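Asks: Chain by chain, the residues:
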Amino acid sequence: MPKTPAGTLYRGREGMWSWVAHRITGVVIFFFLLVHVLDTSLVRVSPEAYDAVIGAYKNPIMGLGELGLVGAIVFHAFNGLRVILVDFWKKGPAYQRQMLWAVGVLWALTMIGFSIRHLSIVFGGH
Amino acid sequence: MGVPLIESPRSGRMSPGYTRSSTSKGNFELYAWLFMRFSGVVLVVLIFVHLWANLIAGDGISGIDFGFVAGKWASPLWQIWDLTMLWLAMLHGTNGVRTIINDYAERNTTRMGLKGVLYTSAVVIIVLGTLVIFTFDPCPVIDGVATVADYCPAS
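First to last, the sequence lines map onto chains W and Y. Be aware that the first sequence starts at 1, since it is given in the numbering used here, and climbs by one per residue. Be aware that the second sequence starts at 1001, since it is given in the numbering used here, and climbs by one per residue.
Treat the hints as calculated values from the structure; they're not laboratory data. Watch out, some of these pointers could steer you wrong.
[Stated by the list, open to error] Label-pair ranges, simulated between beta-carbon atoms: (1) Y:Pro-1153 / W:Ser-115: 39 to 49 Å; (2) W:Phe-123 / Y:Tyr-1031: 40 to 50 Å; (3) Y:Asn-1054 / W:Phe-88: 28 to 38 Å; (4) W:Phe-123 / Y:Trp-1078: 41 to 51 Å; (5) Y:Met-1112 / W:Phe-31: 19 to 29 Å; (6) W:Val-35 / Y:Gly-1116: 19 to 29 Å; (7) W:Arg-97 / Y:Asn-1102: 24 to 34 Å; (8) Y:Val-1148 / W:Phe-31: 33 to 43 Å; (9) W:Ile-112 / Y:Val-1042: 40 to 50 Å; (10) W:Leu-34 / Y:Asn-1054: 33 to 43 Å; (11) Y:Val-1049 / W:Trp-17: 22 to 32 Å.
[Said to hold, decoys possible] Among chain W residues calculated to face chain Y with C-beta under 10 Å, some are: (12) Arg-23; (13) Gly-26; (14) Phe-31; (15) Leu-33; (16) Leu-34; (17) Ser-41; (18) Ser-46; (19) Glu-48; (20) His-76; (21) Val-83; (22) Ile-84; (23) Ser-120; (24) Val-122; (25) Gly-124.
Source: prediction; values computed, not measured. Idealized CB from N, CA, C, for every residue including glycine.
Whole structure, please, built from the sequences with the hints as guidance.
Replies: Written as structure tokens, this is what we have:
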């Protein structure tokens, strides 16, 4: 067994990596939220100012960014429900690995559906 | 061999490197933990419906403009929806980032400084967002020029 610093709680595998992903997606969503409140606040400046900035969200590069953002939100949402089940459901800790697989499957299904809809709007030359 | 012994955070036998100056009394951390779970469940519903209404229904993102916002906020339901989402999401996110700062910023001054920036930003964004929702005018007159839209009263 390689020497590890005493006191470490990082044990790897599904439990740790889902926790890491939950943190990263959480921070990404939080910073977008700050920006999103600011861009929405432009409705109090003028309709033109709001439309100009929202127009920037509609180009294909931002469209891919929105796909990533929604992917982060959907993971954070489903994994958050898994965390709640781990904490409050009697059998939650025993099934945490299986529940992470369920999170992955539900995430993939949701994102396939959303990608088809969103990318056809963004790249469809509406 | 095996798992190294890790003392309970409240055992008082932690390595001195892990102790911090001020320990707050009371059950704040318990309520913060509980709030993350409660607000999390509500936010899943609020945000999924928000994403559906703005990115999937109608024309999706290509349909979003000033008139789209005006149409939504003409309804008190969407005003309350967005207000609840703003407050819960900001408190949930601020508490999450607070936890991350506490985990990784080891120097007292660094930690206090980062949390000062975090709390200031959170208050500014929550107050700004709340004011925007409550003072929104779908037909603003800017520099004497009235907004011309089919939902605005003819003047």
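Asks: Broken hints, numbered, in rising order?
Replies: 4, 9, 10
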